[in-house]
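With the hints as your guide, set chain B onto chain A.
Chains as they are written, first to last, in our numbering: chain A, 1 to 119; chain B, 1 to 1031.
None of these hints come from the bench; they were simulated from the model. Remember, predicted model here, so these are calculated numbers, not experimental data. Please note: incorrect hints may appear among the correct ones.
[What the hints assert, rightly or not] Below, simulated DSSO-like cross-link-like pairs (lysine-lysine); rule was C-alpha separation at most 27 Å, straight line:
#, chain 1, residue 1, chain 2, residue 2
1, B, Lys-104, A, Lys-106
2, A, Lys-118, B, Lys-104
3, B, Lys-287, A, Lys-106
4, A, Lys-106, A, Lys-118
Read off the chains here:
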Amino acid sequence: MISDIALVTGLILILIGIWGVQTHRNILRIVIAFSLIGTGTHMMIVAIGYVAGGTAPIIDRSLSKTAALSRAVDPIPSALVVTAIVIGLAVTAVMLAYAIRLHDAKRTLSIDALTESKG
Amino acid sequence: VTGVLHPLGIFVAGLGGGFLIPLAYRLGRSAATGVFLLALAAMTVISGVALCRLLMGAAPIEILTGGAAPPIAINLRMGLPEAGFAFSVNLVALIGAGYFAREKYGVMLLYLLLVMGVQGMVMTRDLFNLFVFLEIVSIATYGLLSLGENAAALSATFKYLMATILASTFFLIGTALLYAASGLLNIDDLIAARASLSGPIGFAGLMFLLAALLLELKPFPANGWGLDAYETARPDVAALISGVVSAGVFFALMKLLPLFESQLDLIASLSAITFLASNLLGLAQTKARRLLGYSSIGQMALLTLAACLLQKIGVETSTLRLVVGGLFLNHLFAKVGLFWLSRHVSGERLEDWSALAGPRGGIVLFAILLGAIAGFPPFPGFWAKWRLVLSLASDQRYLVIGVVLIGSLLEAAYLFRWFGQIVHSPAPENHAPPGPSSFAPALAMALLLAASGCLAASLAGLSSVRAFAPLAAGLVLYPLDRLDARFQQWTAFALTLAGGFWLIHDLTGIGGLYAAVLFAGVAILSIACAYRTDRRPGFYPLLTVMLLSLVALPGASTRLEFFFVWELITLSSYFLILRRGAAQGPALRYLLFSVVAAYFLLAGFALVDAAPGADALVTLHSAGPERAAVAVLLAIGLLIKAGAVGVHVWLPGAYAESDDDISALLSAVVSKAPMFGLLIMTYLAVRSNIGLDMANVVCWIGMLTTLAGALLAAQQDDIKRMLAYSSMSQIGYIIAAISLVSHLGWVTALYLVANHMLVKGVLFLAAAAIILRTGRRRLSELGGLARAMPFTFAAAAVAIIAMSGLPPLAGFGGKWLLLNAMLERGWYGSAIATLFATFVGFTYMARFIQTIFFGLRPSVSERTREAPIALLAPQYLCVAGILLMSFLPKLLIEPISRAINPQFASTLVWQGMSLETIYGYWNPTPVMALSLVVAAILFAALWLLRRLGWPEGKAALRVPFYEWESALFSRLTPPWASAFWGWTAGAAMTLSERARAIYSGDPQTYSLYVLCYVLAVYALGGGLGRFLSLG
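Just chain A, same shape as in the assembly:
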């Protein structure tokens, strides 16, 4: 149940993000929309590994290897998400850096000012 909610929320976040990327004209808003897409993806991944009512995947006396398969949360998606968050952070930072440089160069943050090359 909880994982379903997380999954659906993640999906909705992704869609909102895509909608934001396609409709907003301000570059900063677009960067935020990209962050939303990233966050939504991360939520989806976490939800994939979640086991309702499960416990932390630490195999010790109270959690045998066989029991871990059914009762423990899958640790791999969490590990992936940690990596993905770091990457997402870097990408957002790069986007923001470019937003600053674009503003310096054009004195505007409008996405419409980016059409020098075409054809």
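Coordinates of chain B only, in the frame set by chain A:
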């Protein structure tokens, strides 16, 4: 040592170097640079050593991380393909590192990370790890793109960011969905369990993954962001994206292809669309780097197309290696080299590249890199395309062959149009000439191309020394290019003689005879090049390559060797024609028609269903049921190259606008190459059931060519254009003679080949002499030269008589024999056309002699002297040949007959009569008398028409006869052919111009394309079918 050179060392060097560069920077800039270069060199060495070991048969190296076996831990693999990609990428990165070595340390760090990340993408066997490496590469690319100087570069980078972030998001979602469906991340495990991925979640994961990888390769139409980046990024960064980053993404896709088994056709179709579209859109480009971007995208699409289809067909590993490896290396080295060259060009337009001209050889490098991309030999792309087309044909994928060849043609069109445009335009003003070593990296790419081309040649199975001899001779001559012209002439001449003699000395049969005839022509006519003593940069190497290739062609024993030598002739003659500024348009036309002709040959050869390894040309004779199609394709190709009517539009310009000595060689010798092809092809056609029908069609084409050529020649005022059309007309006779497929026809054909070679040699050299001495080339401005240039006059007169077929000279025999043979076959239509063409021929030949050498015209001044000995000597050698052939015909005819006999063993019309009997029994007088009578009647009719004031009233009487005649003939030759080809070219340009509108430059439009592309891949990959079957 093994430990240090373990492939894991690549990551040690990459990451360790990355950490050390900032530290070393504290010590000083050069220390950081040292660490940077050292790390790159270490990666190169490690991958190189791994490659060597694997080539010697070592097992692929598995790298396990974290001390556990997969799937618990991530594993990487260094097999042969991985090592090949990694080493070539490292090599390019190391050579290009010089461009970054003086940058801020952050730039060096990003560069190092990028190169390492690409190798991670190549080596990793874990899907999520692939994502991480992809992101490392992407982020490093984003950083390096910031080196672009202007605002447009910033905009382009932001678009690039938006598109690739979307793509990698889909990659991540796809990975997560696959994990959800299977619990697996290891690629090998996923491939093993691919059957379990057919559920909706697994399928969606697969499609997202596929779409993401395709998007990273910049597919049409979702690739505007990539083009913008190529256009505006700093050239060395663009080179990195085009060669190195694409290599990583492509390899990742290759690795995952087994997962997409049921989508292989989809991937191939999408790649085919991208390949065609990017080359079509390239046509209308005026900005150089954007054009390179289009070409890059096209090449990567071709690579993907080839990889998918070969996987699907299930070819042998060696073929896969040759095609994928060849196309990849070709693209990598050539495109990176071109982007690096663009650093020396200040402007962004195509014509700004004229800055490359100059003594440093930039233009030669440019030509080499362009030639490689266009798929010319000896570069790897040529061998790869050859094998690709053969493999596609073996699986009956004819449509794909069409796409590959049309796309390649478009690419050749815009690349060589560009080359022609810059080669003669002056270097831009206030352009600083590049320093002495500035071309070194691009030169290294050219050398790598040549080396990998040799490697590919041996993989493709061509190791004949004969085939490579012409190129070797050219290479020997090239370093002498700065020396004295006389010295170069002598060396080139000696090399041509020695090489030619070596090429023909052990040949027998019809090939040997043909080669000997061509060699004689080459040896005589190349003397004429000595009449110019000015510096002609690059002329003698190219000339030697062309001449020796011509002599080598008839000796080719395999299809591949024939095609290879054929393309050498095409390329070298193109560069020779292009040497005059006026030849820019004609040279391009020549090249494009030649390329089309070559592609028809390629397709025809590919259709020959030969057993693997049985590449010999003789297999054509015993080919399977498809030989009718083979024969038709070959015939079309050869007729295009011969300049048959309708496709002759390339011919007059190429012959007329090239250097005067080159014109002579083109018309006399080069034009005979397709005739040899026709001889071989006709033999094939005879063996197939469409033999005679096709022979009749070819005969008609030949006769119409003769007629059209004669009519057009009669209208020309330019002396070289007249000779050019006359050449077309005479070639028509040869085509018709070959199409008779009889012993008699073939003897006639070879006889006419020799005759035309000598005659046109004399006439074009006479034209060269006249132009040299008078500075004029219009018939209307010439006249009265018989006195000033008596020797030239005498030679020309002999040649004209020999060409017209009047007794007692050599054309006598040939032409009447042909007419007779046609009448015997009952081909009356062609015979009537021949009669008419003979008459028209008489008029223009008479005009040639009359207007140039007689009459009082203003062209003779006191200073007009006889032609130089360098022009007279070859003319008189030809004249001697003509006389020899005329009075001792047996000298040539007997060997011809002997050579032909085995070809016509028993099945053909030849009844076994010996030649003496034929000539003894056959009396040319009636046929000749008939055509003279016809000519007289036609002349009378012409005279009557003029008297009657038709078509323009009595006023016509006041214009000179020849002008009136050419006006009359021009009504008979409406310019349909040039109108048609002009319309075709215009339509392609218009289409290209219109289609470019999809690249609006708007970032959100581009990201919308990306999203739609993902949906399209999902739907076409099987999602639509699933949806429908649910409903």
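Hints, one by one, checked against the model:
no.	hint	result
1	B/Lys-104 - A/Lys-106	holds (25 Å)
2	A/Lys-118 - B/Lys-104	violated (31 Å)
3	B/Lys-287 - A/Lys-106	holds (23 Å)
4	A/Lys-106 - A/Lys-118	holds (18 Å)
The earlier numbered hint that this structure contradicts is number 2, and it is the only one.
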